[in-house]
Amino acid sequence: MTLRDLKIGESAVVETVGGEGALRQHFLDMGVIPGARVQLVKLAPMGDPMELRIHGYELTLRLADASRIGVRPLRDDEKNDSFSKESAVGGDVKETEIRKRREDAEHPGLGEEGRYHSKGDGDPLPEGTVLTYALVGNQNCGKTTLFNQLTGSNQHVGNFPGVTVDRKDGAIKGYPKTLVTDLPGIYSMSPYSSEEVVSRNFVLEEKPKAVINIVDATNIERNLYLTVQLLEMGIPMVVAVNMMDEMTGNGGYIDINAMETELGVPVVPISAAKNEGVDELIRHAVHIARYQEKPLRRDFCGEEDHGGAVHRALHGVFHLIEDHAKRAGIPDRFAASKLIEGDPLVLKALELDENEKETLEHIVLQMEKERGLDRSAAIADMRFAFIEKVCAKTVKKPRESRERIRSEKIDRVLTGKWTAIPAFILIMGLIFYLTFGVIGAFLQGLLEQGIGYISNLVDVSLTNLGVNEAIHGLIVDGIFEGLGSVLSFLPIIVTLFFFLSILEDSGYTARVAFFMDKLLRRIGLSGRSIVPMLIGFGCTVPAVMSTRTLPSERDRKMTILLTPFMSCTAKLPIYGFFVAAFFPKWSALVMIGIYLLGIFSGILTAALYRRTLFRGEAVPFVMELPNYRLPGAKNVGRLLWEKAKDFLQRAFSIILIATVVVYFLQRFDLHFNLLSKAEQSRSIMASLAGLISPFFVPAGLGDWRLVTSLISGFMAKESVVATMEILFVDGIATALTAAQAASMLVFSLLYTPCVAAIASVRRELGGKWAVFVVVVQCAIAWIAACIVYLICNLVML
Amino acid sequence: MGTIDWILLIVIGAAVAGAAVYWIRKKKCGCDCGCCGASQSCQRKKENR
Chain A
1 MTLRDLKIGE
11 SAVVETVGGE
21 GALRQHFLDM
31 GVIPGARVQL
41 VKLAPMGDPM
51 ELRIHGYELT
61 LRLADASRIG
71 VRPLRDDEKN
81 DSFSKESAVG
91 GDVKETEIRK
101 RREDAEHPGL
111 GEEGRYHSKG
121 DGDPLPEGTV
131 LTYALVGNQN
141 CGKTTLFNQL
151 TGSNQHVGNF
161 PGVTVDRKDG
171 AIKGYPKTLV
181 TDLPGIYSMS
191 PYSSEEVVSR
201 NFVLEEKPKA
211 VINIVDATNI
221 ERNLYLTVQL
231 LEMGIPMVVA
241 VNMMDEMTGN
251 GGYIDINAME
261 TELGVPVVPI
271 SAAKNEGVDE
281 LIRHAVHIAR
291 YQEKPLRRDF
301 CGEEDHGGAV
311 HRALHGVFHL
321 IEDHAKRAGI
331 PDRFAASKLI
341 EGDPLVLKAL
351 ELDENEKETL
361 EHIVLQMEKE
371 RGLDRSAAIA
381 DMRFAFIEKV
391 CAKTVKKPRE
401 SRERIRSEKI
411 DRVLTGKWTA
421 IPAFILIMGL
431 IFYLTFGVIG
441 AFLQGLLEQG
451 IGYISNLVDV
461 SLTNLGVNEA
471 IHGLIVDGIF
481 EGLGSVLSFL
491 PIIVTLFFFL
501 SILEDSGYTA
511 RVAFFMDKLL
521 RRIGLSGRSI
531 VPMLIGFGCT
541 VPAVMSTRTL
551 PSERDRKMTI
561 LLTPFMSCTA
571 KLPIYGFFVA
581 AFFPKWSALV
591 MIGIYLLGIF
601 SGILTAALYR
611 RTLFRGEAVP
621 FVMELPNYRL
631 PGAKNVGRLL
641 WEKAKDFLQR
651 AFSIILIATV
661 VVYFLQRFDL
671 HFNLLSKAEQ
681 SRSIMASLAG
691 LISPFFVPAG
701 LGDWRLVTSL
711 ISGFMAKESV
721 VATMEILFVD
731 GIATALTAAQ
741 AASMLVFSLL
751 YTPCVAAIAS
761 VRRELGGKWA
771 VFVVVVQCAI
781 AWIAACIVYL
791 ICNLVML
Chain B
798 MGTIDWILLI
808 VIGAAVAGAA
818 VYWIRKKKCG
828 CDCGCCGASQ
838 SCQRKKENR
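For the protein sequence lines, the chains are A and B, in the order given.
Counting in my numbering, the first sequence runs from 1 upward without gaps.
Counting in my numbering, the second sequence runs from 798 upward without gaps.
Since the hints were made in silico from the structure, they are not lab data.
Please read these numbers as outputs of a predicted model, since none were measured by experiment.
Mixed in with the good hints, there may be bad ones.
Which stretches of chain A does chain B cover? Using the computed rule of at least three CB atoms under 8 Å from a CB of chain B, they are [what the hints assert, rightly or not]: (1) 462-469; (2) 648-655.
The following residues of chain A were derived to be distant from chain B, with all beta-carbon distances above 10 Å [said to hold, decoys possible]: (3) Asn275; (4) Met428; (5) Phe432; (6) Val438; (7) Gln449; (8) Tyr453; (9) Trp586; (10) Arg615; (11) His671.
Cβ atoms here follow ideal geometry from the backbone N, Cα and C, with glycine treated the same way.
Sequences are here, hints too, so could you generate the full structure?
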């Protein structure tokens, strides 16, 4: 029986964890270990993936991966315990016991001055040394919120696993000689995803003076798994138990002093969102780093556990590789456990000789035989066994949290079998309607009026001052018109991001990824790619930027390359212009057809990419579903400001330069004579367009005016219509045939995104990929336009 | 070309040049934050280089 065979609501015990390599290790690190109890909460509306409950949290898993996990039904004695009791961690620690422990606790304790070193003969770092910290924790446990509190920074946080995709640095407020690095969230120190490699390499290679490990109190068992691995590394560390307010609010508590004793490092309860306990955390963090107080506990294997098989193997390997670990600069205990797990990176770094490798293999084989588990599972089991003991002594489990109950109720509708997709369409429709039809459009109108007013004012002033015609034109027709048309999109972008950040902060984005996974897997992507694709219908720039949340480089690249197929709103004026002139009777049909053609072309291209550039499968969809939370106004505001600032920076740098260059090319001839609008057929732009217009003849777009319009569309799609209006003095309906119009529509839909979008692609993937996008999109657009032109001509003949 | 024309030309030229210098610095810096040396992240990248 495998996990796949479970029925909804049914519980079972994990017996075997199949699969291989990094994915299997990831399952184990997420707590899917032999002996763990799981419950199938639900299946996604399309039947795949599944949502599981394990160790008191929700995990999503594809059916194909679930079929690799062997389970057995619960025994009768196991059935008597309610699942929630089993899945939530912790023992039943008595209040009196806690009180006694508090009285007995030695002071000063760990991370407080005076106990683990004495003044004067301690081993503090030299005065003036910059205290560097790695901020490490699971995904979505509040690292960036804490980072912002520690440093006074304004980094974006979200209720979606994997918001931080790159490290961020900042000094702790009031401590200029410190530097905290916010690392991407990870579940273990195994190199499963690129974020895990980034975080692991940072801790191993950059050797921070101390680690601030943030753990989620409401999900402490899984969070402590990473803590245990960090402790093995022997780096000075302080554990910040976050979301303590939520934990105590639901009737749970943690005996902090006892946990401190068990883990051998300072433990500080905090609420990063409310800025509670952060000052105490800072004091401890500065102290342990300055005095280099290392963890008192680095061993988690018990001599008595299952005959001590894992204990003996670990210590054997530890002695075997001690010298290599020192030379490689890798903490020895950490290296030993990673070697037993079969970590290829550590094995390579240690440079063991053949005899040692052979000895290592013998030790591990013997351990597997005695323990009855394979190497990876045995080590994961050892860590979880230790964690369970710690939790049993120190954690009073909370009752089912209010947040959890609320989330379950909301999920009945938003991820329900029959309601998920309609609810999603409704929500996205509402967002697009509000963004492009109501709020964004209203604000855009206001901004356009403002820009128009200032532009007119400047126009009149320059005329009154008798400014040279060329400079006058450059300012009014070039800069104000060009930059103004781009700037007018600022409200749309900000409004769209407002709604999208609400979706992300509330936790809905994670659900969308959950139920859209099956559909996207058919084109070689995972469910997480749906978000950038949707944003792409608004604007390609934020769509490309939002791919940062994707865990794999392959998925990220593929998603970025596919976003241009999602027709952005800036192309709407082009469609409207041609449809009104040539297909007024079938306007709605043509408009819908254009959008569908874009999606269809994207699917075809994805299928092609999957067989050529991006072979293989999308990353396994192993993701945690967070509880729904109310988005914080401060956080949303901060994100909007960041996006607006970024857009303005771009507008006043690259777009300003491009506007001036295009104006120059449009208004001067090859002898640098200033041309009037009517004389633009002699402009440098027209000359250049004339050179390449023969290439467009097969698509019926050989007219230099069409080519010029399309070139101007590279700067901003809105300018295609503006340019055509100037160049086609007698109107477009008499100048083109319906076949040409259809071809132009298709070409506009598919050809290269605007310069701002290409700049975003360049920023995310580099120059080569940006050029690739331009070339491939133009080629696809040309082929599609030729086909459409041919078909239209045949039909009309 | 009168004085006012020259003043406007210089202002536009300076703005475009400033934008170009900013853009090139940002690209050369290779940082993600776009602050070009203002943040510790940028400074540290420079030190590492």
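*Which hints, by number, does the structure contradict?*
Checked against the structure, no hint fails, so every one of them is satisfied.
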